[in-house]
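Working from the sequences, and respecting the hints, build out all of it.
Those protein sequences? They're chains A and B, same order as listed.
Using the numbering used here, read the first sequence as starting at 1 and increasing by one per residue.
Using the numbering used here, read the second sequence as starting at 1001 and increasing by one per residue.
Derived by calculation from the structure, the hints in this document are not laboratory data.
Take the hints with a grain of salt, since some may be wrong.
[To be verified] Chain B stretches covered by chain A per the calculated footprint, using a threshold of three residues with CB under 8 angstroms from any CB of chain A:
hint, region
1, 1031-1043
2, 1061-1074
3, 1090-1099
[Claimed, not checked] Here are some of the chain B residues that sit facing chain A, going by a computed Cβ distance under 8 angstroms:
hint, residue
4, ASP1087
5, PRO1241
6, HIS1244
7, GLY1324
8, GLY1332
9, VAL1334
10, VAL1363
11, HIS1380
All values reported here derive from a predicted model rather than from experimental measurement.
Just so it is clear, CB atoms sit at the ideal spot from N, CA and C, and this is done for glycine as well.
This is what each chain is made of:
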Amino acid sequence: MTVLQKKAHNPIGHLTPEDIEQLGVELDAIRQSVIDTRGADDAAYIRKVIDAQRKLELGSRAILLISMFPPAWVVGTAGLAVAKIIENMEIGHNVMHGQWDWMRDPKIHSTTWEWDNASPSEQWKHSHNELHHTYTNVIGKDNDLGYGIMRVDEDQRWVPFYTAQPLWNFVNACFFEYGIAAYDLELGKNLATKERRNNPEFRARAKVTLKKIRNQVTKDYVIHPLLSGPSFLNTIAANATANLVRNIWTHSVIMCGHFPEGVETFERKSIVGETRGEWYLRQMLGSANISGSKAMHFMTGNLSFQIEHHLFPDLPSNRYQEIAPQVQALFAKYGLTYTTGSLPRQVASAWKKVIRLSLPNDFGRKARAKVLPLLPVTPRSEAGSRAAA
Amino acid sequence: MSLTAPSTRPDRPSLRRRLVRLAERATTPLLPADYLDLFDPLRPGADLRGRIVEVHPETADAATIVIRPGADWAGHVPGQYVRIGVDVDGIRQWRAYSLTHGPRPDGNISITVKAVPGGLVSTHLVRESRPGTLVHLEQAQGEFVLPTDGGKFLFVTAGSGVTPVIGMLRNLFPVADGGVVRLARATAYDIVVVHVAPSEPDSIFIANLRALDDAGLIRLVARYDDEHGVLDVADLETLVPDLHERATLACGPGGLLDALQAHHDARGLDLLTEQFRVTTLVVGEGGTVDFTGSGSGSVTTVDADGATPILDAAEAAGVLMPSGCRMGICFGCVLPLKEGAVRDLRTGAVTTATPGETEGSGVPIQTCISAAAGPCVIDH
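Here it is as structure tokens:
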């Protein structure tokens, strides 16, 4: 994709400023309808999910105490992987968004929640809630566009490092929780210079992250294996597998949110003086949904309703499904494309983009142009040739 | 010379402490309590909670709620009140209610609630609360208690202000199936109750008071506004001729208590009062916002109008504020409102916090989309 402002056919060219403000008013009305009916049923829902998730985790970890028996290993590992996914997605991500703050329950509140993940919630909330959700898909502002290790848009400048981005993406998927922690610390930027490395603020944050990682690793790879006695090694393998499954699943779901084909990106200067209506419009075009079963929606933490989530990041996740048809109707009314597809299709689309953009934009054309004159390799195309090798 | 003096050896953590630490390492980032709460929320060591065991109506719009408190309930003295947190429409609301029994043999506690028109929590408790519901509690508080060594007293109660007094009277004169039990310790008390209510059927516990009056244990003077007119405190000397010999305990709305205070001060009489709702909230446009640094004791006051987010007003005044997206989505700017009212600039919805009713830590508000709707106190 190319930033929307440079496209030959502008997908919002047909909308007047008045249309965009009216769109904002209609979206505000949808938001208000949920707030007006938010109540005891929603509170019961999240409490039930938390209750069930904790019992599933306890039960799975109990079964893993005898993980030397293969059936116990399989059942316990599967249960723990599911419990960790629910904890990160439907519970952690959404609670930390403040979706349940309205209940005024200090135990289920964005300011107090800590999740089963390497990144401390305080740092994740900053990079995710404040930066990504505010600057969604604005090139140069939203680091979620490739997490600083990949190029996922034609308008991001190619550097040779990106040649291997399919590999980076795969490694990131396997160790996603550590990828998030490094990303939230802005490790790439902060390790770059001595001055940044020694910045006390960065060092303090890094210390918090290292402590969180130490606690997480001790739990999964020391305490629970020790409690398993003779099943020590089997439990280590089980917990590593559960973490791996959780990492790959969450990475895949999150890739589907903004990377598939059809999602628009925006120029940095396009958001100067942006109105509420324009902000809504950017969220609508900058996100993609995943279609599927109720169980799939639940296991993605309802991030399969990425468009609805980006429009209303603080509405309870259990309500996204209900408002999706109304949101989709607004897309139709205003002549906009509601990007959605099945999980395999969207994952494939996102991966295709990661692979395609690992090469410079004009790689195909240049390579052909170079072949004909049979000239020696110029420094400019050197990187491209290396990429092809 | 011994080098191992016991005083210099570091204390080894107890076995219990080490087990707790192990459990914490196994449950991080949660706490062992988060898992134990799934199975026994009333156990020792848990946050103080209670379970409603019985709801029985007192009048058409009042009910007594019997609650089994958690294991760490420290007990109470008749006349004290308890802060109770209930979820109404999914939202945790805290209110203070008098405990209407003395300590009971079954260990339960009870509150009696009158459904106030428009009262969110009281209406919910009277009409919607069901046995089995979990509620949140704080330990009993309050100085409004009956001295234990007897004496001559006057209770002046208005409306639901009768509830702490009922707690004291039930403790003094327990009512069994066979009638009022006459305890030896009760003989040291001489009690007159002046009870005021808009009209007779609205009086909760009036039957209890009458039964005690019939048994000659107290003297009841019931005054109903529709029958006798609104009580003038100057009439007390007529209603209670030996007023000057009595210590007065009064519970009711602020207006009555203020009048009583002036009346008693002028005559040099003892008065102990209890008022549930201390301040009346004024929801206006804009106001002063006090930032009270917790611990430091310093207060910064900012003038904020009704159209400017508190975040902007505070920053303009030089307060270092947490902030994020500044449009109400990221919750990076949330601070606890301890007192006052704020208006959501997007919806116009008003959020209020009242000391004594709002949970200790305050109501979390998003300062970037909230404007002052009256004087506010924010913990920051």
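Do the hints match the structure? See the list:
Check on the region 1031-1043 of chain B: 3 of its residues sit with their Cβ under 8 angstroms from a Cβ of chain A, so the three-residue criterion for coverage holds. Coverage of the region 1061-1074 of chain B by chain A is violated. Counting CB-CB distances below 8 angstroms, 0 residues qualify, and the rule asks for three or more. With 4 residues having a beta carbon nearer than 8 angstroms to a beta carbon of chain A, the region 1090-1099 of chain B meets the requirement of three or more and the stated coverage holds. Given hint, B:ASP1087 at the interface with chain A, holds; its Cβ is 6 angstroms from that chain's nearest Cβ, closer than 8 angstroms.
The beta carbon of B:PRO1241 is not positioned within 8 angstroms of any beta carbon in chain A (closest approach about 51 angstroms), and the interface hint is therefore violated. Proximity of B:HIS1244 to chain A is violated relative to the hint, the smallest CB-CB distance being about 48 angstroms (cut-off 8 angstroms). Hint on B:GLY1324 holds. Least Cβ distance to chain A is approximately 4 angstroms, under the 8 angstroms limit. A least Cβ separation of about 5 angstroms between B:GLY1332 and chain A falls short of the 8 angstroms threshold, and the interface hint therefore holds.
Nearest Cβ of chain A to the Cβ of B:VAL1334: about 6 angstroms, under the 8 angstroms cut. The hint holds. Interface restraint check: B:VAL1363 against chain A, minimum CB-CB distance 7 angstroms, threshold 8 angstroms, status holds. Hint on B:HIS1380 is violated. Least Cβ distance to chain A is approximately 13 angstroms, over the 8 angstroms limit.
In summary, the structure is inconsistent with hints 2, 5, 6, 11 from the numbered list given earlier, while agreeing with the others.
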